[in-house]
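The listed protein sequences derive, respectively, from chains B and Y.
Residue numbers for the first sequence follow the working numbering, beginning at -11 and rising by one.
Residue numbers for the second sequence follow the working numbering, beginning at 79 and rising by one.
These are calculated hints, taken from the structure and not from any lab test.
Watch out, some of these pointers could steer you wrong.
Mimicking DSS-like on lysine-lysine, the simulated pairs with C-alpha atoms at most 30 Å apart in a straight line are [said to hold, decoys possible]:
id	chain 1	residue 1	chain 2	residue 2
1	B	Lys2	B	Lys54
2	Y	Lys146	B	Lys29
3	Y	Lys136	B	Lys29
4	B	Lys8	B	Lys54
5	B	Lys29	Y	Lys127
6	B	Lys2	B	Lys29
7	B	Lys43	B	Lys8
8	B	Lys2	B	Lys52
9	B	Lys2	B	Lys43
Facing chain B, according to a computed beta carbon distance under 10 Å, are these residues of chain Y, among others [unchecked claim]:
id	residue
10	Gln84
11	Phe112
12	Tyr114
13	Gln116
14	Gln120
15	Gly121
16	Lys127
17	Phe168
18	Ala170
19	Ser172
20	Phe181
21	Phe182
22	Gly183
23	Gly185
24	Arg187
Backbone N, C-alpha and C fix where the C-beta goes; we use that ideal spot for every residue, glycine too.
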Amino acid sequence: GAVVSQHPSRVICKSGTSVKIECRSLDFQATTMFWYRQFPKQSLMLMATSNEGSKATYEQGVEKDKFLINHASLTLSTLTVTSAHPEDSSFYICSARDNRASAGELFFGEGSRLTVL
Amino acid sequence: AQSVTQLGSHVSVSEGALVLLRCNYSSSVPPYLFWYVQYPNQGLQLLLKYTTGATLVKGINGFEAEFKKSETSFHLTKPSAHMSDAAEYFCAVSDQTGANNLFFGTGTRLTVIP
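Chain B with its partners taken away, still in its complex shape:
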């Protein structure tokens, strides 16, 4: 099946620094990828829709300048958390839709746990 890989799986950083998380579709091309944030024991909250070659579409309440998304190729989207603060600590998950698929299924990465000290 289709594989989506996220890196890093865990990252710890100091307040004020920036952290980049990568989401790669390994065996398929994805024009559209999605970034989610998941708080402990809660569901996934969609942050933004990442579109290859164009600007990401952010959900209401998500700061564009804080969560920078770049989708430079059909197999890679990146999420950069800028000037991170402890409240940004969370589990971030990406998903991708196979361009060849028509049934709406999304393939998920393993998630990246960010801890901001």
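We have chain B; now place chain Y onto it with these hints.
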């Protein structure tokens, strides 16, 4: 607009007992429906999906779900729970354009008691 409601944020069953996780959806268009499982500190893995055709869908690990349009439900079942089934389960809905995001329920944590 689409949404999903999962009744019961936490379900406990004994090992070998029936697993029933409830999901009701709301959709103004014919939906695609999904069940995903999430193990601690991992992403989501697809268990099964309904798109069109047969309303009883079989998935991995012995799980199945039945799409009931009249009840707007897509409940997940497994005849006999195994310890390895303990995880978080998410029901999700999308429209049939295939272009949009999935809308997730709040999740149900399944505990299996030995």
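How the hints compare with the structure:
1. B/Lys2 <-> B/Lys54: Holds, because 15 Å separates the two Cα atoms, which is no more than 30 Å.
2. Y/Lys146 <-> B/Lys29: holds, 28 Å
3. Y/Lys136 <-> B/Lys29: holds, 27 Å
4. B/Lys8 <-> B/Lys54: With Cα atoms ~12 Å apart, B/Lys8 and B/Lys54 stay inside 30 Å; holds.
5. B/Lys29 <-> Y/Lys127: At roughly 23 Å apart (the allowed maximum being 30 Å), Y/Lys127 and B/Lys29 satisfy the hint.
6. B/Lys2 <-> B/Lys29: Since the Cα atoms of B/Lys2 and B/Lys29 sit roughly 25 Å apart, the hinted pair holds (cutoff 30 Å).
7. B/Lys43 <-> B/Lys8: holds, 17 Å
8. B/Lys2 <-> B/Lys52: holds, 21 Å
9. B/Lys2 <-> B/Lys43: holds, 28 Å
10. Gln84: holds, 9 Å
11. Phe112: holds, 7 Å
12. Tyr114: Because about 8 Å separates Y/Tyr114 from the closest Cβ in chain B, which is inside the 10 Å limit, the hint holds.
13. Gln116: holds, 9 Å
14. Gln120: Since chain B brings a Cβ to about 6 Å from Y/Gln120, closer than 10 Å, the hint holds.
15. Gly121: At 4 Å from the nearest chain B Cβ, Y/Gly121 passes the 10 Å test, so the hint holds.
16. Lys127: Holds. Min distance 6 Å.
17. Phe168: It holds, given that the least Cβ distance between Y/Phe168 and chain B is near 7 Å, below 10 Å.
18. Ala170: holds, 8 Å
19. Ser172: Given a least distance of 4 Å, the restraint on Y/Ser172 holds.
20. Phe181: Holds - the Cβ of Y/Phe181 comes within 10 Å of chain B, reaching about 9 Å at its closest.
21. Phe182: Holds: closest Cβ of chain B sits about 5 Å from Y/Phe182, inside 10 Å.
22. Gly183: At 7 Å from the nearest chain B Cβ, Y/Gly183 passes the 10 Å test, so the hint holds.
23. Gly185: Holds: closest Cβ of chain B sits about 5 Å from Y/Gly185, inside 10 Å.
24. Arg187: Interface hint status for Y/Arg187: holds (7 Å vs cutoff 10 Å).
Every hint from the earlier list agrees with this structure, and none is contradicted.
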